Each structure stands twice: as C-alpha cells, then as structure tokens.
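Please model the complete structure; the sequences and the hints are all you need to start from.
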Amino acid sequence: MQEGRQLRAVIEVELASDVLEIHSLVVAPEFFRKGIAGQLLQHVFSLGDFEKTLVETASKNKPAILLYEKHGFKEIKRWTPEHGIEKVAMLRA
Numbered sequence: 838m839q840e841g842r843q844l845r846a847v848i849e850v851e852l853a854s855d856v857l858e859i860h861s862l863v864v865a866p867e868f869f870r871k872g873i874a875g876q877l878l879q880h881v882f883s884l885g886d887f888e889k890t891l892v893e894t895a896s897k898n899k900p901a902i903l904l905y906e907k908h909g910f911k912e913i914k915r916w917t918p919e920h921g922i923e924k925v926a927m928l929r930a
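Take any residue in the sequence shown, note its place counting from 1, add 837, and you have its number in the working numbering.
Wrong hints could be hidden among the right ones.
[As the list claims (entries may be wrong)] List of simulated lysine-lysine pairs, DSBU-like, C-alpha gap at most 35 Å:
(1) Lys871 <-> Lys924
(2) Lys871 <-> Lys897
(3) Lys911 <-> Lys889
(4) Lys889 <-> Lys914
(5) Lys871 <-> Lys911
(6) Lys897 <-> Lys914
(7) Lys899 <-> Lys914
(8) Lys871 <-> Lys907
(9) Lys871 <-> Lys914
(10) Lys924 <-> Lys907
(11) Lys897 <-> Lys924
(12) Lys889 <-> Lys871
(13) Lys911 <-> Lys924
(14) Lys911 <-> Lys899
(15) Lys889 <-> Lys924
(16) Lys899 <-> Lys889
(17) Lys911 <-> Lys897
(18) Lys924 <-> Lys914
(19) Lys871 <-> Lys899
(20) Lys897 <-> Lys907
(21) Lys907 <-> Lys889
(22) Lys899 <-> Lys924
These aren't lab readings, by the way, just hints derived from the structure by calculation.
Because the structure is a prediction, the values reported are computed rather than measured.
Set out below in structure tokens:
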C-alpha cells in the first residue's frame with residue numbers, strides 16, 4: 838500500500854492448491870500501529886476462499902503473533918532452525 842509516494846507495507850503470498858502461504862508481511866516502522874498489516878491480511882483473505890492459510894514468524898515477535906491470532910490463526914508448531922532463532926508456525930482454517 839502506498840501513501841503518496843512512500844511505500845507503507847508489503848505482503849508476499851503464494852497460493853498452492855487451496856492453501857495460502859504468507860511468506861512475508863512487512864510494515865515500515867513509521868506506520869506501525871495504524872492497522873495496515875490487518876488491512877493487508879483482510880485484503881488477501883477477500884481474494885478467495887482458501888481452505889487453509891499458513892504463516893511462520895519468530896516466536897519472540899509478539900506483535901506479529903497477536904496480529905495473526907486476532908485474524909483467526911492458531912499456533913501449530915514451534916522449532917529452532919540452525920540459525921538459532923525459534924520460530925512458530927500458525928494456521929488459519
């Protein structure tokens with residue numbers, strides 16, 4: 838989404854069959870806490886009737902986890918990859 842010529846946020850998704858995967862959702866820091874991430878999620882959800890939506894984030898990224906929970910996601914898995922940052926997978930069914 839853009840305001841004037843300044844990019845505010847970007848979402849990267851992939852649709853595989855009836856499963857939507859959110860690969861990235863980033864908001865510019867000066868636009869935090871303005872509801873932009875939620876608006877992007879709602880827009881993506883409105884594009885189709887997906888059986889499931891999956892997302893992964895760092896387990897310490899509390900704002901992201903709260904955002905996804907607010908939009909119906911539930912934690913399904915935690916693990917620590919080789920780089921050492923614990924991750925959480927979330928599902929919206």
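| request: Taking the numbered hints from earlier one at a time, note which ones the structure violates and give those numbers from smallest to largest. | output: Failing hints: none at all.
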